[in-house]
Amino acid sequence: MDISITDYRVRIVVVNPQGRFDAFSAPAAREQLDTLFGEGVVNFVINLSETLFMDSAGMAVLVSLLKRARQGGGDVKLIWPEKEAVRRTLRLTRFDRVFEMADTVEAAIESFRITVQNLKAGLTY
Amino acid sequence: MNETDTIHLDLPASHKYLNVLSGCIAEMLARAGELAQPDELLYNVQLAVHEICTNIVEHAYSHANRGRIKITLTLSAHPRQFIVDLYDTGRCFDPAGVPSPDLDEGQIHGYGLYLVQQLMDTVTYDPQSSNNRWQLVKNL
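Protein sequence lines correspond, in order, to chains R and G.
Every letter in the first sequence is one number past the one before it in this note's numbering, and letter 65, counting from 1, is 65.
Every letter in the second sequence is one number past the one before it in this note's numbering, and letter 136, counting from 1, is 136.
Derived from the structure by calculation, the hints contain no laboratory data.
Ideal placement from N, C-alpha and C gives every residue a C-beta, glycine not left out.
A couple of the hints might just be wrong.
Said to hold, decoys possible - Lysine-lysine pairs mimicking DSS-like chemistry, simulated, CA-CA at most 27 Å apart:
(1) LYS16/G x LYS70/G
(2) LYS70/G x LYS138/G
(3) LYS83/R x LYS138/G
(4) LYS83/R x LYS16/G
(5) LYS83/R x LYS67/R
(6) LYS138/G x LYS16/G
To be verified - What the simulated footprint calls covered on chain G by chain R, stretch by stretch (three residues with Cβ under 8 Å from a Cβ of chain R suffice, anywhere in the stretch; the number is not a length):
(7) 35 to 45
(8) 102 to 109
(9) 114 to 128
Could you build all of it, start to finish, from the sequences and the hints given here?
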C-alpha cells in the first residue's frame, strides 16, 4: 500500500507597531522584519490597531514588506488602526486598496487560512 | 484669540527630536481657540511638519553629521491660520524632481511630499544657497 501524505503548515507572523511608527522607529522595525524573512516567513499580519502616528517612513516599511512577501509567495494584511487620523492616512494613500485590510487579527489570520484551503482545493486567483 | 503669537525653535536635525516639535505644535494649537475637528487638524499639521523635517534630515543634511532646523510657529489671528516656517542650511531640494506616488501600485518612496500637499492648505519651498525655507500654512 502506498500512502501519500501532504502536510500543509503555514506560518503567519503578527507584528504590532504600537505608538509611533515613523522615521525614528522604522529602521528597528525593518531590521526585525529582515530577521523574520531570514527565517523564511512570508505571511504577515501588521496590527496597526494601536499605532498612534505613522509617517511615510513607516509606510515605506509596509510597502517594502508587501513586495518582498508577495515575491516569496506570501502576503501582508493590515489591521485597521483605531485612531481615525491614521485610518485617514491609509485611505488618502490608498493603502486600503493596495493591502488587504481586516478589522481584527483573527479575521486576517482566518483569511490566510481560507487562502490555503482554496490552494489545496486547486483554486487559483 | 485676537493677536498673533510666534514661537521659535532651533532643533538638532535628527529624527529623535521630531516628537519635541509635535508636542510644541499641539500645545500651541491648544491655545488657538475654537477649532473645527481639532484632533484631525492637529494630526494633519504634525504629520506634515514631521514629513518636512524628515526630508531635511535625510536630504538637505544627508552629507553632514550635524545640522540644525530652525522653526517658526505662528498662530495668526487675522486671517486665522497656523503657519510653520522651517529653515535649513543644507543642500537645496527640488520638489519638482519628486514624482507623485502611484497610489494604485504602492511604492516605497514618494508619499512624504504627497501627504504634506494633501494635508496642508499651502506649501511653498524657497531654496537658497545658505538658507532653505519651507512654509506650510493651515487655515483654521
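Problem set entry | Verdict on chain R covering the region 35 to 45 of chain G, criterion of 3 CB contacts below 8 Å | holds (count 4)
Problem set entry | Verdict on chain R covering the region 102 to 109 of chain G, where coverage means 3 or more residues with a C-beta closer than 8 Å | n = 7 at 8 Å, threshold three: holds.
Exercise. Do the alpha carbons of LYS83/R and LYS16/G lie within 27 Å of each other, as the hint requires?
Worked result: Roughly 23 Å separates the two Cα atoms, so the pair holds.
Problem set entry | Pair hint LYS70/G and LYS138/G, alpha-carbon separation not exceeding 27 Å | holds, 19 Å
For this session: Can you take a look at whether the region 114 to 128 of chain G is actually covered by chain R? Rule is 3+ residues, C-beta closer than 8 Å.
Result: holds (count 3)
Exercise. LYS83/R and LYS67/R: Cα distance at most 27 Å?
Worked result: Holds, at about 26 Å.
Exercise. Within 27 Å, alpha carbon to alpha carbon, are LYS83/R and LYS138/G?
Worked result: holds, 21 Å
Exercise. Is the hinted pair LYS16/G and LYS70/G satisfied, with a Cα-Cα distance of at most 27 Å?
Worked result: Measuring from Cα to Cα gives roughly 16 Å; hence the hint holds.
Exercise. Does LYS138/G pair with LYS16/G here, judged by a C-alpha cut-off of 27 Å?
Worked result: It holds: about 25 Å lies between the C-alpha atoms, which stays within 27 Å.
When held up to the earlier numbered hints, the structure conflicts with none and fits them all.
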